[in-house]
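Protein chains: 2
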Amino acid sequence: MSAEFTASCPVPLTNYPHVLLAHGGGGRLMQQLIENVFVTAFDNPQLAARHDGATLETAGAQLAFTTDSYVVRPLFFPGGDIGTLAVNGTVNDLAMCGAQPRWLSAGFIIEEGLPMETLQRVAQSMRRTADAAGVQIVTGDTKVVDKGKGDGLFINTAGIGMRAHTGNIGPGVVRPSDAVLLSGDVGRHGMAIMSVREGLEFESPITSDCAPLAAPVLALLDAGIAVHCLRDLTRGGLCAALNEIAAAGRVQVHIEEAAVPVSEPVRGACEILGLDPLSVANEGRFVAFVAAGDADRALEILRSQPVCADAVRIGTVLANSPGLVTMRSRIGVNRVLDLLSGEQLPRIC
Amino acid sequence: MSAEFTASCPVPLTNYPHVLLAHGGGGRLMQQLIENVFVTAFDNPQLAARHDGATLETAGAQLAFTTDSYVVRPLFFPGGDIGTLAVNGTVNDLAMCGAQPRWLSAGFIIEEGLPMETLQRVAQSMRRTADAAGVQIVTGDTKVVDKGKGDGLFINTAGIGMRAHTGNIGPGVVRPSDAVLLSGDVGRHGMAIMSVREGLEFESPITSDCAPLAAPVLALLDAGIAVHCLRDLTRGGLCAALNEIAAAGRVQVHIEEAAVPVSEPVRGACEILGLDPLSVANEGRFVAFVAAGDADRALEILRSQPVCADAVRIGTVLANSPGLVTMRSRIGVNRVLDLLSGEQLPRIC
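Residue numbers (the numbering used here), protein chains in the order written: chain A, 1 to 349; chain B, 1 to 349.
Source of the hints: derived by calculation from the structure; they are not laboratory data. Do not rely on the hints blindly, as some may be mistaken.
Partner residues aside, some chain B positions facing chain A, computed with beta carbon under 8 Å [claimed, not checked]:
| no. | residue |
| --- | --- |
| 1 | TYR16 |
| 2 | GLY113 |
| 3 | ASP131 |
| 4 | ALA132 |
| 5 | GLY134 |
| 6 | ILE160 |
| 7 | SER263 |
| 8 | ARG347 |
No more than 20 Å apart at the CA atoms, straight line, and that leaves these computed lysine to aspartate or glutamate pairs for EDC-like [as the list claims (entries may be wrong)]:
| no. | chain 1 | residue 1 | chain 2 | residue 2 |
| --- | --- | --- | --- | --- |
| 9 | A | LYS149 | B | GLU112 |
| 10 | A | LYS147 | B | ASP146 |
| 11 | B | LYS147 | A | GLU117 |
| 12 | B | LYS147 | A | GLU112 |
| 13 | A | LYS147 | A | ASP185 |
| 14 | A | LYS149 | B | ASP146 |
| 15 | B | LYS149 | A | GLU256 |
Where is the CB? At the ideal position from N, CA and C, for every residue including glycine.
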């Protein structure tokens, strides 16, 4: 997920003696926190690769390994719940490493007083989601914290996947002229959460796009598409993902605003709340950077998968301004698509 | 750890419509929660093995996989901090699978307002502890929750280890006549935490026993000792670990109270607070069930490792009363050593 230890550009944290909510929002502050505190302390080649998960090789097996904690509020929302998120989010991080997700761990931090029925609903939901994604929850842990010291339920999942394809996938492999493909419309997960939180009622309710993404990714790899980089569009949305790839890969990413699909309900809700749909979290969308010559075939493969039926090409990689994401707007003006410094929407996943 | 999904004996949760603090304390209630909610929902052979972590086989590699969340209060205590716990705890769960720990993930749930310096101290501590245990933290995640919705800092670590020895290790392999070995004195971690929480001052301060346990375990396996079961003595202490093994292995475990080492400061603190040192958490102690004929040689190997210098044999496996743990007390009376129903000490790890 874009929320992993994948930051760049160390900037001193001295202006922030305390952690702010914005340090978890998927923007520039989160990148600084990760870079200055964690990447610095844990420094090793896997973290330095700035990918969504670690790729590990041992005894001839190629593994992918990733983790995410889920702190979404509310626990249940249109299109999913914290359990579907916790399974699909980690499944998708493994998929973004080009791996077939296989095994998950599940760690539960429960606030004293949580209704037992809530916990049971979430566990059942995790089981259904795991079955649908073809993974097993094989180990776990529970902790209970005092009332007032949690927020109902936090879940961590870590995951192991098997990499069947040996090619490198990551920002370092992205090359000028690569095509930027987007797997579907953006902004639904974040706006589904917001509509519940704010009590907004729309003519057609917005449901989360939460879904497993391993099948379309493996279809691309199995077909021999030259996939250079993959990233799912979680915290910080499309904008954060592209900025991370541009920075880590030292390339310019140029996209066309008009090419990015945004549903009418999402666009309307974003206008009401003053949010940019390109920076809103998704839980079932990803970008794929592929060699230019493979772009049309890759789109065809993606569109044959139900979860990517609306896949489109949204842009191209350029060499001109390494580290920048640029966008030609609907009215034809080119501008820099910068990271938000804080967060639009906290506690979204 | 004893806190994993390793319970037995399903009992209805209907008397508990809400989660209690005691559901996280390592006793009978936690076992019921795990069994009724999680094992039931996620049902698969790895969970059914009732071990501290999952053992997985793929492409010729034998993996162990485990997870734990750490919610200890206070974050810093004599002998360690939440970071040393988060690394050693997961390293030890892998060791208890008979695996060489290799890679960890780290997921941070940070409460808004946490001093940045605290986070940096913890990250540095994790790095030092990982180096000492020979593991790398290769992937991670950060989330920030609103002030009042967390308790400073929660950390989840998941870990992958490589199993070099193919023999099964777990409660199902335990046999009558097996020797029960204990790696050192018990109760120090829990009482170190309590002494800080309660502001107790002792002549000699109690420090946590938090330490990595892979080296002694691998020394046993490398020497060809017939190791049948391993368990580290975390939440619920020695008492919970033995009860879990007796129940899952359908054997009687019989120990001698006088053989269990308890330091004078721990014994004194337990008496003041009315606690049983056999049910107090440890973070650097384990029991090993080995074939009777290998017991002396196993003890010799353990005692050659600094962290197990005081290893002793505390008991024997019997066939008489499957599921029971019995203890001959210091005054020569045999009694059942039962699981506590709730918790002695919450938020201990």
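Which numbered hints turn out to be false for this structure?
Checked against the structure, the hints that fail are numbers 3, 4, 5, 7, 11, 13, 15, while the rest are satisfied.
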